[in-house]
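Spelled out from the first residue to the last, the chains are:
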Amino acid sequence: MKSLRVALAQVAPKLGDLNHNLELHAKTLRRACREGAELVVFPELSLTGYLLRDQVPEVAARIGGAWFRRVKALSRRVDIVVGLVEEAVGHRYHNAAVYLSRGRVVHVHRKVYLPTYGMFEEGRDFAAGDKLRTFHTRFGPAGVLICEDLWHPMSAWLLAQQGAEILIAPSCGPTRGTRPGRGITSVAVWHDLLRVTAQFQTSFVVYVNRVGFEDGLSFGGGSTAVDPFGRLVGSLPAIEEGLAVIDLNGEILRRARTAYPLLRDENLDLMYRELHRLRNVRYDLAEKSTDAGSEPTSGLRPDGGVPSR
Amino acid sequence: MRKSAPRSPATEPDLGLDPDFTTRILCGFIKSEVRRAGRSSVVVGLSGGLDSSVAACLAVRALGPQSVLGLVMPYRSSHPTSAAHAELVLGALGIIGERVEITPLIDAFSAISRPGSRVRLGNAMARVRMILLYDRSAENDALVLGTSNKTEMLLGYGTLHGDLASAINPLGDLYKTQVRALAEYLRVPPVIRRKRPSADLWPRQSDEGELGFTYDTVDRLLALLVDARVTRRSAIAAGFSPALVNNVMERVVRSQFKRRPPVVAKVSTRSVGWDFRYPRDWKS
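Protein sequences, first through last, are from chains A and B. Number 232 in the working numbering belongs to position 232 of the first sequence; there are no gaps in the numbering. Number 421 in the working numbering belongs to position 112 of the second sequence; there are no gaps in the numbering.
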């Protein structure tokens, strides 16, 4: 990858107010450009706000629709990643993040893992994405994971195996818990997760979490960039609005992948066989002898584990 | 109350908080909610106790002293130190205060309704105070600031449409012992932090006397049962008596109605409370 200057736009979008948020993006971009940013990353659902519920169809936009032209225009001078509700074919609404460059759509990622537990109810309002794909940017191969996607370690693994060198992670992470002297628990937990992800996938991870309040929810911020050795290369404080401009050095990625050739040593064939076997057992599928994983599955529990004797 | 049973980390109640971040979150919340409601100030009832003192203190940090109105509303039988402590807070925070004696209102109510128990009279007092707070909020284009803490809300230890009523409540997710920790950080006068918690609805009333357990104990238990979602059995194994665990769980279950808006019977295709789903901050 080429070295690049990335800006983390830790903003507080206004719930359901597309025009206000477009202006917020434009204003933030003007500032980021003045500081020499080449890529500006905004949080999850940055153009719509998070706690939408029944407002989802009202704020949904078609990629290529009339309103979306104004989003594309934001990327004339600088590459951007923005969050919005995408109305896809069949009126499916996706929690999506779009990478745009020079006024064009480079990639649309639809959030795959929609948290629908505890305080979250995204599965009620959104359709889940079903693809995890790396794409090419003018800086090198990249991938996007939205918030909960990152809590499933295979997401980052799949992108890295496809060649991603920069993982971009827009988020709407609420604050939960504080610890004496350690600050906001959920922010600290995120930082641990980001460091581990960057180190395991020997990739840069750019995490941008929103701030501000919606009802009683406060969003934690703490946006950060981590290098492929798992070191924080820049971050923003928790719960405050801010813009951090950070240089990601391509040479560091080369050094990390040379020192830790984890991706090179990955055994895809082993992974495939084991996943195939697990899938057959879990879904009670007949074994096909020509397929990978021709080992007999008898003797395995339905969860794929080996029975204890 | 507690047996000295060995406890594993899994059943260790966690009530720790970072007072600086908690204060910043709560002040940000107050500021954001007041602005979104199109208001610029709050009204808070000051009892002279810990919770309302902390709530007022947070509001002052969020909005400035000129945007907080404190109402002191004693009744004939209220302990004189209650109003004195409330006035101490008014002075310490430099906020605008107003003293309204509720005795004539309660006397008029009693003449008509003849509340036969001190609980009914106490409820009437809490609701009369609510009426005054909401009236002042309309007069001043302000929001009513809630002061109920998480312990009270979970135990249902409060009057529905009385002290439990508010527009925004910064303390609803903090247990009493956490409010106490925050009070120390916010430099609430020690005399208020150290006195025994009381609703002061009748002479010599005390929260802990009436509930039958201390806040220290019940907060640790609730942190296990509610926050950590441990089973009753694990809570008992962690050293809490079965009687206490059952008593507390029964209180929590029985008081669920106090934590929910009135139940709407669904007869249409899209109903308030069921599938008309918008946040409170809808379009604001």
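Because the hints were derived from the structure by calculation, they are not lab data. Be aware that one or more of the hints could be misleading.
Pairs of lysine to aspartate or glutamate, EDC-like flavour, derived with a Cα cap of 16 Å [as the list claims (entries may be wrong)]:
no., chain 1, residue 1, chain 2, residue 2
1, B, Lys504, B, Asp525
2, B, Lys340, A, Asp247
3, A, Lys27, A, Glu241
4, B, Lys592, A, Asp54
5, B, Lys592, A, Glu58
6, A, Lys14, A, Asp247
7, B, Lys592, A, Asp215
8, B, Lys340, B, Asp590
9, A, Lys2, A, Asp215
10, B, Lys340, A, Glu241
11, A, Lys14, A, Asp215
12, A, Lys14, B, Asp516
13, B, Lys340, A, Glu240
14, B, Lys504, B, Glu517
15, B, Lys504, B, Glu493
16, A, Lys27, A, Glu58
17, A, Lys2, A, Glu241
18, B, Lys340, B, Asp450
19, B, Lys592, A, Asp17
20, B, Lys504, B, Asp516
21, A, Lys72, A, Asp125
As the structure is a prediction and not an experimental result, all values here were calculated from the model.
Results of checking the hints against the structure:
no. : hint                  : in the structure
1   : Lys504/B <-> Asp525/B : holds (14 Å)
2   : Lys340/B <-> Asp247/A : violated (35 Å)
3   : Lys27/A <-> Glu241/A  : holds (13 Å)
4   : Lys592/B <-> Asp54/A  : holds (12 Å)
5   : Lys592/B <-> Glu58/A  : holds (12 Å)
6   : Lys14/A <-> Asp247/A  : violated (29 Å)
7   : Lys592/B <-> Asp215/A : holds (11 Å)
8   : Lys340/B <-> Asp590/B : holds (13 Å)
9   : Lys2/A <-> Asp215/A   : violated (42 Å)
10  : Lys340/B <-> Glu241/A : holds (15 Å)
11  : Lys14/A <-> Asp215/A  : holds (12 Å)
12  : Lys14/A <-> Asp516/B  : violated (41 Å)
13  : Lys340/B <-> Glu240/A : holds (14 Å)
14  : Lys504/B <-> Glu517/B : holds (12 Å)
15  : Lys504/B <-> Glu493/B : holds (13 Å)
16  : Lys27/A <-> Glu58/A   : violated (24 Å)
17  : Lys2/A <-> Glu241/A   : violated (29 Å)
18  : Lys340/B <-> Asp450/B : holds (15 Å)
19  : Lys592/B <-> Asp17/A  : holds (7 Å)
20  : Lys504/B <-> Asp516/B : holds (11 Å)
21  : Lys72/A <-> Asp125/A  : violated (25 Å)
In this structure, the earlier hints numbered 2, 6, 9, 12, 16, 17 and 21 are contradicted, and the remaining ones agree with it.
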